[in-house]
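**Student:** Listed below are the residues making up each chain.
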Amino acid sequence: MEFADYFLELYENTGWNFVFLYEQYEYDRVLEGMWVSIKLIVASLIFSLVVGFIGAWAQGVNSKFVRNAIAGYIQLFRNTPPFVQILFFYFVLGNLVPTYDAGGYQEGYIDSFGWAVISLGFFAGSFNVEIFRSGIEAVPESTREAAEALGYTRLMSYIHVIFPLAFRVCLPSLNNNLVNLLKTTTLAYGIAVPEMMYTANQIWSDNVNVSEMMIFLFLFYVGLVAILVYGMHKWERKMKIPGYG
Amino acid sequence: MSEIASNGGSAWTPDQPMVSIKDVHKSFGDLEVLKGISMDIMKGECICIIGPSGSGKSTLIRCVNALNDIQKGSILVEGLEVNDPALDKLELRKKVGMVFQQYNLFPHKTAIENIMMAPIHVLKQDEKEVEELARELVKKVRLEGKENSYPGELSGGQQQRVAIARSLAMTPDVMLFDEVTSALDPETVKEVLTTIQELAEEGMTCILVTHEMGFAREVANHIYFTDRGVIVEHGEPATFFDDAKDPRTKEFLSQIL
Ligand SMILES: Nc1ncnc2c1ncn2[C@@H]1O[C@H](COP(=O)(O)OP(=O)(O)OP(=O)(O)O)[C@@H](O)[C@H]1O
Ligand SMILES: [Mg+2]
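Protein chains in written order, with the numbering used here: chain U, 1 to 245; chain E, 1001 to 1257.
Any given hint could turn out to be false.
Claimed, not checked - The calculated lysine-lysine pairs, modelled on BS3-like cross-linking and capped at a C-alpha distance of 30 angstroms, are:
1) Lys-234(U) with Lys-1089(E)
2) Lys-240(U) with Lys-1072(E)
3) Lys-64(U) with Lys-1089(E)
4) Lys-1089(E) with Lys-1128(E)
5) Lys-1072(E) with Lys-64(U)
6) Lys-183(U) with Lys-234(U)
7) Lys-1250(E) with Lys-238(U)
8) Lys-1128(E) with Lys-240(U)
To be verified - Here are the in silico distance ranges between beta carbons for each label pair:
9) Met-239(U) with Asp-1015(E): 28 to 38 angstroms
10) Tyr-27(U) with Glu-1132(E): 55 to 65 angstroms
11) Pro-1052(E) with Ala-58(U): 36 to 46 angstroms
12) Glu-1144(E) with Leu-76(U): 49 to 59 angstroms
13) Gly-1214(E) with Val-229(U): 34 to 44 angstroms
14) Tyr-244(U) with Gln-1197(E): 54 to 64 angstroms
15) Leu-1123(E) with Ser-63(U): 51 to 61 angstroms
16) Pro-1052(E) with Ser-63(U): 56 to 66 angstroms
17) Phe-3(U) with Lys-1124(E): 55 to 65 angstroms
18) Ala-69(U) with Gly-1214(E): 25 to 35 angstroms
What the hints assert, rightly or not - A few chain U positions that, by computed beta-carbon distances, are all more than 12 angstroms from chain E:
19) Asn-62
20) Arg-78
21) Val-208
22) Tyr-244
Don't read these hints as lab results, they were simulated from the structure. Predicted, not measured: the structure shown is a model, and the values here were computed from it. Each residue gets a CB set at the ideal place from its N, CA and C atoms; glycine is no exception.
Extracted from the complex, chain U is given alone in its bound form (with noise of 0.2 angstroms):
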């Protein structure tokens, strides 16, 4: 492998130390490493999402609870730091849930990646919450009697008029918010779980090599961040609607 070793002569000439480059085994830890953050940003994207989405809905019922229930998770997740509510979520939480007998030793059945996704998703999920309710300000009330002289319940109308219209109104802020969710997934390190960052410092730790991981690291989030970015650009040229906007 030429590629390889370049960088195991890099190594020996000039002390940078690219291990995961030359050597099989970090090369595998690091893919897996890639691998996790990916799964761990998709998946809490999609939650958070999923979370906006009814927050967003449940903002407009009449129940005057719900409306509270709403508002006052928003200002928990809005005003505490991510990391303590991952720390909360795992190690709080994660004792509430039961658990099983794993071969010898006991499961919880949310692992650490689980209460992840699920505290990110929920933080992201705050943010997406105001930003999906400020699209919906945003479209006229006639278009919603519209809907309504033509038989749509309010759910239905959110479904199929009033969020879609929304939410193209608010992708831009939507865009941010997505990438500040992907920026904060590797505080999931905090509880071990194996994504890139936690698996950059486990490499660093074997093999002394802080300043070449933190360069790979940067390189790596610019990479994600790049994609996430061109990925919601191309998304909201996809859904411009002709004529409108």
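Using the hints provided, position chain E with the ligands relative to the given structure of chain U.
**Tutor:** Chain E with the ligands alone, transformed into the frame defined by chain U:
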């Protein structure tokens, strides 16, 4: 059975008014906008409501399909009591179609999708059959070739005709039109009025709020003139326009004709 009972009326028959409005009162806060309005519309009739701005015309027809609630009185649509807390709104809206001044199309859907949406989502009808009906309606409102245009790509008159077709796709028994030509250019007013006139001639029951006196005279069976929340005067077009009795009516007509 229970539905009829809860609506406090017997089953509707075509010899009864299709829409029967009795002593309707409506206030927004302290402002009483409708002060005891009554009118009956028989099946197949086309009636026009005219009157100065702010007299409560929009409010009245919005009450007919329960977009506004009323404080007092009764509105029966084919025997269905609109002023009933237990009203099945879907039942009502299947009977009553409404077209708005600002068209209010769904901008993210094409013309044909706008027409097809409600029958599919609300009536759960088969998509193929709905599409067939939608294509007929497109033809009826003379928009062939515009099926796949988005509202933003259509002129006001074209959008309004899509809105009419969208409403007709729900196969309503009564159509409400609230100043549907007021936002249009003079040239496109006619195409929309023609569509409505054809509908009325086919026997659709229509309630129109309009400032188009020529249209009202030609198409309406009955004209109602409202002012400050009451019906000042009403009659068949010929008598109404040529032989108005009330000074308020006379003044309004002299300004508008
Ligand atoms: N949602 C509302 N809340 C408070 N007041 C309202 C509301 N809708 C209408 N009104 C008031 O009720 C009165 C009647 O309004 P309405 O829209 O029915 O008049 P209109 O006869 O349709 O007038 P126009 O010819 O200008 O459309 C007006 O004074 C208006 O300000
Ligand atoms: Mg009006």
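**Student:** For Pro-1052(E) and Ser-63(U), compare the CB-CB distance with the range 56 to 66 angstroms and indicate the outcome.
**Tutor:** violated, 41 angstroms
**Student:** For the hint 54 to 64 angstroms, verify it against the beta carbon of Tyr-244(U) and that of Gln-1197(E).
**Tutor:** At 31 angstroms between Cβs, range violated.
**Student:** Quick one: work out the minimum CB distance from Asn-62(U) to chain E and report holds if it exceeds 12 angstroms, violated otherwise.
**Tutor:** holds, 14 angstroms
**Student:** Would you mind confirming whether the straight-line C-alpha gap from Lys-64(U) to Lys-1089(E) stays at or under 30 angstroms?
**Tutor:** holds, 23 angstroms
**Student:** Measuring from beta carbon to beta carbon, are Tyr-27(U) and Glu-1132(E) in 55 to 65 angstroms?
**Tutor:** holds, 60 angstroms
**Student:** Lys-1128(E) and Lys-240(U): Cα distance at most 30 angstroms?
**Tutor:** holds, 27 angstroms
**Student:** With respect to the beta-carbon atoms only, verify the hint that Gly-1214(E) and Val-229(U) lie 34 to 44 angstroms apart.
**Tutor:** violated, 57 angstroms
**Student:** Regarding Leu-1123(E) and Ser-63(U), is the given constraint of 51 to 61 angstroms on their beta-carbon distance met?
**Tutor:** violated, 29 angstroms
**Student:** Does Lys-234(U) lie within 30 angstroms of Lys-183(U) when you go C-alpha to C-alpha?
**Tutor:** holds, 21 angstroms
**Student:** With a cut-off of 30 angstroms on the C-alpha distance, tell me whether Lys-240(U) and Lys-1072(E) pass.
**Tutor:** violated, 46 angstroms
**Student:** Take a quick look at whether Lys-1072(E) and Lys-64(U) sit within 30 angstroms of each other, Cα to Cα.
**Tutor:** holds, 28 angstroms
**Student:** For the range 36 to 46 angstroms, tell me whether the beta carbons of Pro-1052(E) and Ala-58(U) fit it or not.
**Tutor:** Since the Cβ atoms of Pro-1052(E) and Ala-58(U) sit about 43 angstroms apart, the hinted range of 36 to 46 angstroms holds.
Violated hints, listed in ascending order, are 1, 2, 7, 9, 13, 14, 15, 16, 18, 22; each of the other numbered hints is respected by the structure.
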